[in-house]
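Asker: Sequence:
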Amino acid sequence: MPSDRYVLLDRLGSGGMGTVWRATDQLLGRTVAVKEMHLQATGKARADRAARAHREAHAIARISHPNVVNVHDLVIEDERLWLVMEFVDGPSLKDRVAAAGPMSPSDVAGVGLQLLSALEAVHAAGALHRDVKPANVLVRRDGRVVLCDFGIAALTGAGPLTETGAVVGSYEYIAPERLNGGAVGPASDLFSLGVTLCVLLGRSPFARPEAAGVLHAIARAEPELPPAAGPLRPVLEALLRKDPAARPSVAEASAMVRPLAGTDATAYDLPMPSPAPRGRRLIGLAGIAVAVLLGVAATTVALTSRSTDGATAAATGTASPAPPSSVPPSSAAPSSTAPARPTRIDAVMPVPDDPEQYWVFSGDRYVRTTLEGEGPGGQVTYGPSRLDGWPGTFDRVGAFRQGLDAVLPVPGVRNDYWVFSGTQYMKIRVTDVAYEDTVLEGPDTLRSWSALR
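So in UniProt numbering, the last one in the sequence shown is 453, and the numbering has no gaps at all.
Hints in this document: simulated from the structure, not taken from any laboratory.
A couple of the hints might just be wrong.
[Unchecked claim] Each computed SDA-like pair below joins lysine to any residue, with the alpha-carbon atoms no more than 20 Å apart:
#1 LYS427 with LEU371
#2 LYS94 with SER106
#3 LYS427 with GLN402
#4 LYS94 with SER14
#5 LYS427 with LEU446
#6 LYS427 with GLY377
#7 LYS94 with VAL75
#8 LYS94 with ARG208
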């Protein structure tokens, strides 16, 4: 690779639109995936496609979602384009099915729910994927899936990165409207998702011996759903309708799939609050915005303390943090007939480059969320995820993997924070946009903090 920052290691795969490499980012000392884009053009046409790819990368890089691969950088040198992305150390769904066989309807529903959430974020950014298929979905170590390989995606209205009229994507997953010159939009990705879910169940709905037969079946034939579809049959039939206007929206498809998936199937489905180490509880989405509002009345961070009656008290960031060991956990969980208590929030951390977003921590998990106006409302933009998946800082120290007790912005330094867990603290720095973090000081014990002795 021309840039001195990235060193290519081994080739992970290659296709018509690019070659993917495992590489090292020497500046940040991390492993990344680098895709060399195959523009297949010269002169002005090549320059036009380079410009489209640049716009595309910017659109995708704006997406922050647990089921969408993170785009870190775009390198353009010597008329060659290199897309630098998050390295996901896991197999694709294609590999998973090849090794273990078809998935159960419940598991497929869980995957479908995650991919629907990913496509919602992609489409909201003004992008289309155009090649949703099992080979382009990677599986993280925790079992969550990641939609990747945006090498042939295009900004809505910008046109594909191929010759005019050429087919972009894998034959079996192409939506009918892309074969007859119709408008391509979010519904086209949903058709490809429907085919993908069928393949995970054991059979492509348009499988034929020859490519021409596959394309004819997509355009004219009714889909042959796998026998294992079972309760997923209605949503698969809806996603695979020939008319894109007749297909369900992401929200409608999610509503059909959600009851069929397990409670832990998607990053947006949380288990019910339950006891966690040191009395903390898992985050409930309904209470997140309220907790954030309590903590940011003065545009600062909240410190949440726990008392024996389960009440939550928020203090401004000017207060001195107290070790959580001095506050006993709740003595008992509420009975099934008692009114539900508010979900407990351990700490809130403002996102450095976006005053409307906050990280909210509870137990060993966190989310990133936005606020909506002055009322108790908001939207989760990332997570929930485990703290042991927060690389560079919290995952390195056992106490911080279990949970945080407080976060204080360092005065006058937008990207720096003091974070506290138990009797330990450390100072960290979180970058803008990519939100990559490093330890600046510590971890150390509170005894070394002169104001807290």
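Asker: All hints are to be evaluated individually against the structure, with a verdict given for each.
Answerer: Verification of the hints:
1. Pair hint LYS427 plus LEU371 does not hold up; C-alpha atoms about 26 Å apart against a cutoff of 20 Å.
2. A threshold of 20 Å between alpha carbons decides the hint, and for LYS94 with SER106 the separation of about 18 Å falls inside it, so the pair holds.
3. Among the hinted pairs, LYS427 with GLN402 is consistent with the structure: their alpha-carbon atoms are about 17 Å apart, no more than 20 Å.
4. Our distance criterion of 20 Å between C-alpha atoms is met by LYS94 and SER14, whose separation comes to about 15 Å.
5. A C-alpha spacing of about 12 Å is found between LYS427 and LEU446, which places the hinted pair at or below 20 Å, so the restraint holds.
6. Pair hint LYS427 plus GLY377 does not hold up; C-alpha atoms about 31 Å apart against a cutoff of 20 Å.
7. Restraint check for LYS94 and VAL75: the C-alpha separation of about 29 Å exceeds 20 Å, so the hint is violated.
8. A C-alpha spacing of about 19 Å is found between LYS94 and ARG208, which places the hinted pair at or below 20 Å, so the restraint holds.
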